[in-house]
Each structure stands twice: as C-alpha cells, then as structure tokens.
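Chains as they are written, first to last, in the working numbering: chain V, 2 to 136; chain U, 37 to 217.
If you are wondering where the hints come from, they were derived from the structure by calculation, not from laboratory data.
Only true hints are included.
Some chain U residues close to chain V (C-beta under 7 Å, calculated; not the full set):
1. 91
2. 169
3. 170
4. 173
5. 191
6. 194
Simulated restraints on C-beta separations:
7. U:100 / V:16: 15 to 25 Å
8. U:54 / V:101: 53 to 63 Å
9. U:100 / V:103: 35 to 45 Å
10. V:56 / U:39: 42 to 52 Å
11. V:106 / U:38: 32 to 42 Å
12. U:63 / V:16: 18 to 28 Å
13. V:13 / U:163: 45 to 55 Å
14. V:68 / U:185: 21 to 31 Å
15. U:100 / V:70: 16 to 26 Å
16. U:63 / V:20: 27 to 37 Å
Residues of chain U placed beyond 12 Å of chain V at every Cβ, according to the derived structure:
17. 42
18. 44
19. 45
20. 47
21. 53
22. 82
23. 126
24. 129
25. 131
26. 142
27. 144
28. 145
29. 152
For each residue, glycine too, the CB sits at the ideal point set by N, CA and C.
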Amino acid sequence: MQHHLVLRVIAKLLLPLILVFGLYVQFHGDYGPGGGFQAGVIFAAGFILYGVVFGVRSLRTVAPPAAIHICMAAGLLLFAGVGVVALALGGNYLDYSVLAADPLQGQHLGIVLIELGVGITVAAVMVRLFYAFAS
Amino acid sequence: MSHFLTIVLLGFLAITGIAILRMRELFAVVMLSGLYSLISAAIFVSLDAVDVAFTEAAVGAGLTTILMLGTLALTTGEQKTSNRAPLIPLIIVVLTGAALVYGTLDMPHFGDPDAPVQRHVAPRYLQASASETGIPNVVTSVLASYRGYDTLGEVAVIFTAGVGVMALLGRGRRRKREEEG
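The task is simple: from the sequences and hints, build the whole structure.
Okay, structure coming up:
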C-alpha cells in the first residue's frame, strides 16, 4: 500500500482519535454506555486499521505477537485475580465490596479492574484473530 | 414514532437479507452483512439498548467485516453455484421459521411491564444498584458486579476462541513463513 497517500494520511490522523476513544469507552463505562468489551474492540480496531493500511509486517513491530499472546492471558488472569483477592480479603469470589474500606469504593475499584481485564483480553484476541486471517 | 422507525429499520434488514441471498459476489455479500449489523445497531439504539448497539456496531459491522475480508483473501471471491434443487432446505427453513413465529405468539408483548423478565430480579437491580455499587450505569453494574461470574465466563470464552483460532490457523502461517525463509 505504498501509493495510497490520502489513505495513509487519514489513517494517521484517525489512529490517535480511535485509541483515545477506546480508552474513554473503557474508563467511562461506569457512567455511560460502554465498557471493557466495546473498548477492547475499538482499541483493536485502531491496531487493525494500522495493519490494513501500513501492512501486517509494520503491525507486528508495533504489537509483537508474543506480547499479544501475553495480553490475551493477562486480561483473563486480572479478572480472575480480582476474584481471588476478594477471597483473600474475606469476601466471596468476585465480591468487590471488600477490596476497599468503603464498600462503594471497593465496588468501583473492582469494576474498573475487571473491565480493564475484559478490555485487554478482548483487544488482544481481536488483534490475534486479525494476525491469523491476514497473514 | 419509535415503532414506525423500528418497522422501517426492520424492513431495511429484510431487504438487506434478500439482497445477500441473491448475490454471488462474496465481496458485496461481506459489505452487505456489515450493513446488516449496522442497521441492527440502529434498531438497538431506537430500543434504548445503547450498550448492545455499541457492541453490535463495533463487533458486527467493524471487526467481523474485516475478518471476513481477510478470509476472502485466503479463499475466493466468488460463490460456487450448486446444482441441487434447494427444495428440502427451503421446506426446513420455512417450517423452522413458522415454528419460531408460532412460539413468539405466547411471549409477552414488547415492553410489557408485567412480563416475567421485568418482574424477577430487574426491579431489585434498578432500585439497589446505586446504593450497593455506586455505579450510575446499571448495565455496567449488572454486567460487572451482580453478574460477574457470567462476565468472567464470557471473557474465558473469548480467550478460548482466540486460542482455538491460533491452534487452527497458526500452523498454516508457520508453514508459509518457512517457505519465505
């Protein structure tokens, strides 16, 4: 894709916006529509746009497959780990109220953490799917 | 007004579906199925299910289209025509469709406040969510807190799907790389 000048310029303009929007959806999911699933997909869409326009090889240097594999597992482990921490602090599995002194703050902390786990796993799996189909 | 909008959008869905059926060019079919997802997302918005619409637009219209295009690059862009008469599949589809429509007759009307789904745990979540979790978006509090186990399972499913694709398609890529090297 060496010749598509307009496409390349527009993609470069759009990429930061897509990634920032992904982060917004990730961390604003408690207050508005959105959450880990949607944010992960949007974040991955940014990477995939980069891969489509600049080539899969460039994407491999930006997001090495080994790092993607680690992220796939890390998100799920973060989610499950929050549950284990809740167990260790004397609550039920995935009961976020015990994570902080104030139950409401604990709930908020737990939800932010597990949504982050969801987002990481979803984004990594989507990028990995793109690798599998595009190469 | 909202009903009118939903009916128009459902009409678009039906037209898109028929257009997909009649096409042989798979590139156009992929584009139309992306359009189908986008129209579904619009219907979800008009039903006030913004979170679902968000997911449908991002996954259905965005990523699935990209993955289908990637698949087309690996296979071929033209649908093979079948010689067999599609009579038996047609009968099965019509019978299944009729059974499904018959099944919906017993369901409560759309938006019925007395429907079992509105009376079971939904009112408790709506009333207690703010004081129990402090999260303004009830969808998030149900998804992440009240139904945390389900969401953990869903993430595990996505992870497993990714691992499955790696196991199925990873080998072909390695073979190709060996040819290059």
